[in-house]
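Chains A and B supply the protein sequences, listed in that same order.
Using our numbering, the first residue of the first sequence is number 1, and each one after it goes up by one.
Using our numbering, the first residue of the second sequence is number 1, and each one after it goes up by one.
In case anyone wonders, no lab produced these hints; they're calculated from the structure.
Treat each hint with caution, since some may be false.
Identical copies go unnamed one by one, so any copy, or any two together, can satisfy a pair.
Claimed, not checked - No more than 30 angstroms apart at the CA atoms, straight line, and that leaves these computed lysine-lysine pairs for DSBU-like: (1) 56 / 374; (2) 88 / 307; (3) 374 / 7; (4) 201 / 56; (5) 201 / 216; (6) 199 / 56; (7) 94 / 374; (8) 267 / 342; (9) 303 / 267; (10) 7 / 216; (11) 303 / 94; (12) 224 / 56; (13) 307 / 374; (14) 88 / 199; (15) 56 / 267.
Now for the letters of each chain:
There are 2 protein chains.
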Amino acid sequence: MGVVREKVAVGQVGGPTAVINSSLFGFLEESLPIYEVYGILNGLQGLAQDRMVPLKESLVADTSRVCAMPGAWLGAGRWPAQTDDFEKYVANLKSRNIHYLALIGGNGTMWTCLQLEDAAERLDYELSVVGIPKTVDNDLEEMDHAPGFGSAARFVAASVRDSGKDLEAMRNFEAVRILETMGRNVGWLALSGGYLKRKQKDPPHLVYVPERGFDKKQFLDAVKETHEAFGYTLVVVSEGLLSGVAGDHLQDPVLGGVSQELARWVKDELGLATRGELLGMGQRSFSLAVSRQDRDEAWELGKAAAKALYSSGGFTLAVQRTSSYPHDYRIERVPFERVAGKERSLPSEWLLEPEAIHEEFQRWLAPLIGEDLKPYPDSLQEK
Amino acid sequence: MGVVREKVAVGQVGGPTAVINSSLFGFLEESLPIYEVYGILNGLQGLAQDRMVPLKESLVADTSRVCAMPGAWLGAGRWPAQTDDFEKYVANLKSRNIHYLALIGGNGTMWTCLQLEDAAERLDYELSVVGIPKTVDNDLEEMDHAPGFGSAARFVAASVRDSGKDLEAMRNFEAVRILETMGRNVGWLALSGGYLKRKQKDPPHLVYVPERGFDKKQFLDAVKETHEAFGYTLVVVSEGLLSGVAGDHLQDPVLGGVSQELARWVKDELGLATRGELLGMGQRSFSLAVSRQDRDEAWELGKAAAKALYSSGGFTLAVQRTSSYPHDYRIERVPFERVAGKERSLPSEWLLEPEAIHEEFQRWLAPLIGEDLKPYPDSLQEK
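The task is simple: from the sequences and hints, build the whole structure.
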């Protein structure tokens, strides 16, 4: 190659996570000394509008501070790509003579990667594409888990534990609290709300996920029963539980509302003081809840992508667990076809009744959330 | 006194904070070796229904774990007391021969303390009452600040910083985000959302507090202007900004809704994709955002109350700042009359335009929030 360095472009696509910048900077640490690196601004929008900026090593001197930062250093966001846009994306890369591309994103982004490779082939342009997974929902197929989920799960698990103590203390005033997590079609985050549940009386008393059918009568009966048994009821639900309520996320950028709907039912039909609350954007951004393991893995996958990119493309890197006690894993290459546009649901063996959380799920989750997060002692108060 | 120890009762009243258990256990550490201590269950409800339990030293062996716990170890909650209930409360204390009472609570609780002393005097019963302040709103008069606020402010400041980065990254999809803090009548928490703002372009771009008048047209113009200038707009509002929307907190335990109302206006009148989001119960409970200074002060005030109680009553303990750089303070006694039922607004000199945060306020807040919380570096993306 001589003194002319190969060019590589990197972008952050879709909704941010609390650790997506770690993946970017892991990638940059590895690639900046070797490649001429371009940052794609605002994900697919930058590819579409040819907005890419050369990244100098001096720009990323502040690595550790940026890694601790949520959002997306390059900008991310959603951009509605049409199938015939991909050749334009490739043309933009070609105009800069960029043959290597890394995209940090979810299952939709992996589908985009596949389309980009196809478009490049049609245009007879050599393009090597590697994916770096990110998600808060943990809905990527063919991997144990993906960066972003651990921190979101940690936020949810701590919120449910803490909000549970708060509600228990306030139960002469507020009887039922319904916390709504992210998760349009899958219940990984909602179920993570049960990470610290040990006994039946511990919150969350009920967890509802999209993978299981939902029955209004069962729900109301269960709320009544748990309220009578424990003096208060904490419920966790996925935002996508009732798809009619949640709406289409591409039509309306602002999801959320299931918890309000369920709270209305409880108030109207059981007459109990009830609060529906979204756990909100903190799930994908709250820096004080970031899981160290999650951040480290995000960084590692970014580095691994930069290393892999030069030899070949056509796959996303992925974390595969090799041991649970102690936690160990290897980083694997998964062809885009096996991830693209697919959605990974909770395994059926972890789908118990709304009242119960599978211990095996809790053990699986522990290293991702961080074992420092523990259940609280009982309060003195009894029902 | 001989071997018979004097009896003291302690209770947690109103809504919990993330550090209210620290005040309780500071109090218990000091009082258990000296007094026979009764825990009042669920605040005023326990006083009304004579539900008190003797606290043994063995019960509180797990101090550090309980102190790290939100909610209220004894139970708290709201209980609508009528003026003529107070003699009944005193009678319940009298039936157990309890002459010393400590209540951890806010300005309403300080009013209750005053009523209890009056009722005891009418009944010719010797009763010494001491208050330990707690709040998330920071609305207690005659003190620099009160326990619970620092942790809530830390949660809000970190949430605004983090959510701001998240929104900046998503601004091709979501233009305006309106975050709603606690604060029925005062704006301390909402203004804390500006703790880390340094430049005009930093979020929050606009802060609205109840102390200032609110004008819909000014609000919409300001949102439009900041959105044009920075490419996205993050707004922070107090839940009590529009009292008609927020409703009466004793009628409806579930406040919140201003952010939704404001978001609707922005969507309808400016056509911008907008999310209204409540920061929610995490403000008073999220353990991972607790301020160490706040927890320490809560503990200290509890200890000081136990020490003061035996010599006299009639006052709440209070933190008074003696120095800002470095932070130092003394603990003072403030007579109930000067706090009871009053509400402390933001000082008028800290009430700037919605676009600006007073530096002096930020410096005042720093030791309460913790100086480890810092602004982030700029993102690479430009508008």
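Cross-check of the supplied hints:
no., hint, result
1, 56 / 374, "between (43 angstroms within a copy, 25 angstroms between copies)"
2, 88 / 307, "within (27 angstroms within a copy, 75 angstroms between copies)"
3, 374 / 7, "neither (47 angstroms within a copy, 35 angstroms between copies)"
4, 201 / 56, "between (55 angstroms within a copy, 24 angstroms between copies)"
5, 201 / 216, "within (22 angstroms within a copy, 46 angstroms between copies)"
6, 199 / 56, "between (54 angstroms within a copy, 25 angstroms between copies)"
7, 94 / 374, "neither (52 angstroms within a copy, 41 angstroms between copies)"
8, 267 / 342, "neither (38 angstroms within a copy, 33 angstroms between copies)"
9, 303 / 267, "neither (51 angstroms within a copy, 41 angstroms between copies)"
10, 7 / 216, "neither (56 angstroms within a copy, 51 angstroms between copies)"
11, 303 / 94, "within (24 angstroms within a copy, 70 angstroms between copies)"
12, 224 / 56, "neither (60 angstroms within a copy, 35 angstroms between copies)"
13, 307 / 374, "neither (37 angstroms within a copy, 33 angstroms between copies)"
14, 88 / 199, "neither (56 angstroms within a copy, 38 angstroms between copies)"
15, 56 / 267, "neither (58 angstroms within a copy, 40 angstroms between copies)"
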